[in-house]
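Protein sequences, first through last, are from chains A and G.
Each residue of the first sequence is one higher than the one before, counting from 438 in my numbering.
Each residue of the second sequence is one higher than the one before, counting from 438 in my numbering.
Hints are computed from structural coordinates only; laboratory data are not their basis.
Check each hint, because a few of them may be wrong.
[To be verified] Restraint ranges, calculated between C-beta atoms of paired labels, are given here:
1. K440/G x K652/A: 55 to 61 Å
2. Q654/A x N563/G: 25 to 31 Å
3. Y558/A x E621/G: 34 to 40 Å
[Unchecked claim] Some chain G residues judged to face chain A by a derived CB distance under 10 Å, without partners named:
4. G500
5. N501
6. V504
7. M512
8. A530
9. K535
10. M536
11. E542
12. T545
13. Q548
14. Y556
15. V560
16. L566
17. L583
[As the list claims (entries may be wrong)] Simulated pairs of lysine to any residue, SDA-like, Cα-Cα distance not exceeding 25 Å:
18. K571/A x E562/G
19. K571/G x E562/A
20. K571/G x D552/G
21. K597/A x G500/G
We put the beta carbon where it would ideally sit given N, CA and C, even for glycine.
Number of protein chains: 2
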Amino acid sequence: MAKDMTLLWGSGSPPCWRVMIALEEKNLQGYNQKLLSFEKMDHKSQEVMAMNPRGQLPSFKHGNIIVNESFGACMYLESQFKSQGNKLIPDCAEEQGKMYQRLFEGNTLNQKMVDVIYYNYKVPENERLESAIKRNKESLAEEIKLWEGYLQGCCCLAGKNFTLADVIVYPAVAYLFRFGLSEERFPNLAKYYNCLKERPSVKATWPPHWLDNPKGQDTLKDL
Amino acid sequence: MAKDMTLLWGSGSPPCWRVMIALEEKNLQGYNQKLLSFEKMDHKSQEVMAMNPRGQLPSFKHGNIIVNESFGACMYLESQFKSQGNKLIPDCAEEQGKMYQRLFEGNTLNQKMVDVIYYNYKVPENERLESAIKRNKESLAEEIKLWEGYLQGCCCLAGKNFTLADVIVYPAVAYLFRFGLSEERFPNLAKYYNCLKERPSVKATWPPHWLDNPKGQDTLKDL
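Isolated chain A, as found in the complex:
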């Protein structure tokens, strides 16, 4: 039981979700947690700001140790609970190198995804340009093609084992499909997405509002 941990989170947010997957993988259930709403701007509330001056979710605390950055929280958990639950960083140098490479490429995938899906949220109305929207979409499509290639013949991002790269990147992949990415056009990504859906850590943390409303948006359907 992880009674000395607290997680403030938002449903569906890839950064929140990856921390929740990491907690499950390390057998750290029973932590204090609170589901907050981005729509209601809870992430700018006093409760969040006290833990996370950037006003972002997740906000994560272990005792008095605060690690809000989601990649950081996952790495911290793996490091602090090395021999508990599933081992998420392989010893084998080759597999480990690939894991670090994919894990950090995940930043680029996230960034390009956010640039498309949250364009209107991020860019003030008077600055929005069709040409930028088009460029962002093309850039995301190119990025997704890379990942489609990476998953050719692989069940996980660093090879045959589930690693920290999957903990970190899987929520973004699920998000792409939630926003309408075509399973037909990206079969390797779709296989990866559907396969890991059944993994206990992923199943246990599936975004509750996706369960309530299984139909997502179609923002990315033409990609």
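Dock chain G against chain A, hints included.
Just chain G now, with coordinates in the frame of chain A:
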């Protein structure tokens, strides 16, 4: 001697520089290296693309293991050479948590810095807007204030010891000053910058074209 390692790099690039600092810290000198030119578009050359299909520098290889993502390469080196050179990930949970927090916040600092310094490079001419330039500058100024606060009374980012957070974030801090950030207005950052300048790993890897031409630009002088 690190004869089984190869680094393709560009002078001054924070991602390249952090890998070079990590190599020095782990006593991995004597690697194969090649200084390439971003201006000449060497990063899109066949030599780079063969190692790094994203066409980016650094491109880093250890034997047949390729880890081009700079954060990933630093973590890989620390993990593979744990007991060699300087220990870069503290054991103490508190210090480690802070290290991971700052290290990944470094992504935000980098991103906001790039959005300002490379605005014209990243945004096509017909899409450039004064309002966006202003907003990016304000956002970077806010970000830098956070880091100025983090360094209040601290010589390193995770406390009193030099860690992977410093390996990763220091080059960005140096870059800010190279681009004209005021040492007077940001005294904690300036102290950090000047202090670590003398650290052997930093000194040994100081960007050669900064040595040749100690005067930088003034892009950030009003920040």
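Verification of the supplied hints:
1. A hinted range of 55 to 61 Å holds for the C-beta pair K440/G and K652/A, which are about 56 Å apart.
2. Restraint check, Q654/A to N563/G: a C-beta distance of roughly 30 Å satisfies the suggested window 25 to 31 Å.
3. Distance hint check: the CB atoms of Y558/A and E621/G are about 37 Å apart, consistent with the given range 34 to 40 Å.
4. Because the smallest distance between the Cβ of G500/G and any Cβ of chain A comes to about 8 Å, under 10 Å, the interface hint for this residue holds.
5. The restraint placing N501/G at the interface with chain A holds, with a minimum CB-CB distance near 8 Å, inside the 10 Å limit.
6. Restraint check, V504/G versus chain A: the minimum CB separation of about 5 Å is within 10 Å; hint holds.
7. Taking 10 Å as the C-beta contact cut-off toward chain A, the hint placing M512/G at the interface holds, the least distance being around 5 Å.
8. Of the supplied interface hints, the one on A530/G holds, with its beta-carbon coming within about 6 Å of a beta-carbon of chain A, less than 10 Å.
9. Satisfaction of the interface hint for K535/G is found here, the shortest Cβ-Cβ separation to chain A being roughly 8 Å, below the 10 Å cut-off.
10. This hint holds: M536/G has a C-beta 8 Å from the nearest C-beta of chain A, less than the 10 Å allowed.
11. Interface hint status for E542/G: upheld, as the beta-carbon distance to the closest one in chain A is roughly 6 Å, under 10 Å.
12. With its C-beta approaching chain A no nearer than about 8 Å, T545/G sits inside the 10 Å limit, and its interface hint holds.
13. At its closest, the beta carbon of Q548/G sits 8 Å from a beta carbon of chain A; the interface hint therefore holds under the 10 Å criterion.
14. Hint status for Y556/G: violated, given a least beta-carbon distance of 13 Å to chain A, over 10 Å.
15. Below 10 Å, beta-carbon pairs count as interface contacts, and V560/G has one with chain A at about 8 Å; its hint therefore holds.
16. Satisfaction of the interface hint for L566/G is found here, the shortest Cβ-Cβ separation to chain A being roughly 6 Å, below the 10 Å cut-off.
17. Because the beta carbon of L583/G sits about 8 Å from the nearest beta carbon in chain A, less than 10 Å, this interface hint is met.
18. Between K571/A and E562/G, the direct Cα distance comes to roughly 16 Å. Compliance with the 25 Å bound is thereby established for this hinted pair.
19. This hinted pair checks out: K571/G and E562/A have alpha carbons roughly 16 Å apart, not beyond 25 Å.
20. Only pairs whose Cα atoms come within 25 Å are accepted, and K571/G paired with D552/G is accepted, the gap being roughly 11 Å.
21. The hinted pair formed by K597/A and G500/G meets the criterion: a straight-line CA distance of about 21 Å does not exceed 25 Å.
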